[in-house]
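**Student:** Sequence:
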Amino acid sequence: MIATWDKDHNPDVMMAAWAGQYDYKQIVVSLSKHKTTENLEKTGAFTVSFADIHTVAESDYFGLVSGAKVPDKVAKAGFTVSPSPNVDAPIINEYPLTLECKVVSWDDGILVGEVVNMSAAESILTEGKVDLSKLQPIVFDAASMSYRAIGDVVGKAWGDGKKFVD
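Under the working numbering, think of the first position of the sequence shown as 1, with each following residue one higher.
Think of the hints as simulated: they come from the structure by calculation, not from any bench.
You may find that some hints are simply not true.
Unchecked claim - Below, computed lysine-lysine pairings styled on DSS-like, alpha-carbon distance capped at 30 Å:
| hint | residue 1 | residue 2 |
| --- | --- | --- |
| 1 | K42 | K162 |
| 2 | K129 | K162 |
| 3 | K102 | K33 |
| 4 | K35 | K129 |
| 5 | K76 | K102 |
| 6 | K33 | K134 |
| 7 | K134 | K42 |
| 8 | K162 | K134 |
| 9 | K7 | K35 |
| 10 | K156 | K134 |
| 11 | K35 | K69 |
| 12 | K7 | K102 |
| 13 | K134 | K76 |
| 14 | K129 | K102 |
| 15 | K33 | K7 |
| 16 | K163 | K129 |
| 17 | K102 | K134 |
| 18 | K163 | K33 |
| 19 | K33 | K129 |
| 20 | K163 | K102 |
| 21 | K76 | K42 |
| 22 | K25 | K69 |
| 23 | K163 | K76 |
| 24 | K69 | K33 |
Generate the whole structure from the sequences, applying the supplied hints.
**Tutor:** Encoded structure:
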């Protein structure tokens with residue numbers, strides 16, 4: 001979920017299906033031109049929040065309705081915002097995990113953002129780290145046109161493959 005302020009300082013949030021980690025402190029998002037991209041061009045900032053199993057309907061709504069046509073869509077979904085203390089963008093309070101980002105580049109539909117802060121609800125942390133089994137984020141499944149939850153650990157990175165190393 002990408003959130004920005006519009007020219008009147010109204011919050012705008014949209015669902016982005018094509019995104020990922022670009023580098024250790026950077027993310028990349030593929031976006032077509034629309035209200036959200038116009039907003040981030042003006043502010044140079046945005047937040048990325050992670051929809052979870054508890055916010056499926058609201059998050060889907062944010063992807064269905066344009067902020068250009070429904071400027072109060074955040075309130076219509078029953079959500080609230082707070083200004084980010086680190087970037088010129090809103091934090092959607094109902095999402096338990098938010099990355100506060102500055103625009104690094106925005107070219108040919110590819111947005112690269114530098115993560116300057118991460119805020120996470122205590123309820124999704126284990127030993128001070130984000131626990132995806134507690135967060136239960138959703139991802140878009142293009143094959144079935146549905147949302148799927150992430151959670152179970154199925155292997156250990158930089159560990160399980162060691163059995164093949166001599």
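**Student:** It remains to establish, for every hint, whether it holds in the given structure.
**Tutor:** Hint check:
Proposed proximity of K42 and K162 is contradicted: the alpha carbons are some 48 Å apart, above 30 Å. The straight-line distance between the Cα atoms of K129 and K162 is roughly 25 Å, inside the 30 Å bound, and the hint therefore holds. Pair hint K102 plus K33 holds up; C-alpha atoms about 18 Å apart against a cutoff of 30 Å. For the suggested pair K35 and K129, the alpha carbons sit about 33 Å apart, so the restraint of at most 30 Å is broken.
With a CA separation close to 27 Å, the supplied pair K76 and K102 stays within the 30 Å bound. For the suggested pair K33 and K134, the alpha carbons sit about 34 Å apart, so the restraint of at most 30 Å is broken. Between the alpha carbons of K134 and K42 the distance comes to roughly 35 Å, so the proposed pair goes past 30 Å and is violated. Under the criterion of a C-alpha separation no larger than 30 Å, the hint pairing K162 with K134 is consistent with the structure, at around 28 Å.
Of the supplied pair hints, the one linking K7 and K35 holds, its CA atoms being roughly 10 Å apart against a limit of 30 Å. With a C-alpha separation of about 18 Å, the suggested pairing of K156 with K134 holds against the 30 Å cut-off. Between the alpha carbons of K35 and K69 the distance comes to roughly 10 Å, so the proposed pair stays at or under 30 Å and holds. Between K7 and K102, the direct Cα distance comes to roughly 17 Å. Compliance with the 30 Å bound is thereby established for this hinted pair.
Proposed proximity of K134 and K76 is supported: the alpha carbons are some 27 Å apart, at most 30 Å. Distance check on the hinted pair: K129 and K102 sit about 23 Å apart at the alpha-carbon level, within 30 Å; holds. Only pairs whose Cα atoms come within 30 Å are accepted, and K33 paired with K7 is accepted, the gap being roughly 16 Å. Distance check on the hinted pair: K163 and K129 sit about 27 Å apart at the alpha-carbon level, within 30 Å; holds.
Our distance criterion of 30 Å between C-alpha atoms is met by K102 and K134, whose separation comes to about 27 Å. The straight-line distance between the Cα atoms of K163 and K33 is roughly 47 Å, outside the 30 Å bound, and the hint therefore fails. Taken as a hint, the K33 and K129 pair is broken in the structure, with Cα atoms around 34 Å apart against an allowance of 30 Å. This hinted pair does not check out: K163 and K102 have alpha carbons roughly 41 Å apart, beyond 30 Å.
Between K76 and K42 the alpha-carbon distance is near 25 Å, which keeps this suggested pair within the 30 Å criterion. Using a Cα cut-off of 30 Å, the hinted pair K25 and K69 is violated, with the two alpha carbons roughly 34 Å apart. The suggested pairing of K163 with K76 is violated, with an alpha-carbon distance near 53 Å, which exceeds 30 Å. Of the supplied pair hints, the one linking K69 and K33 holds, its CA atoms being roughly 15 Å apart against a limit of 30 Å.
Comparing the model with each numbered hint stated earlier shows that hints 1, 4, 6, 7, 18, 19, 20, 22, 23 do not hold.
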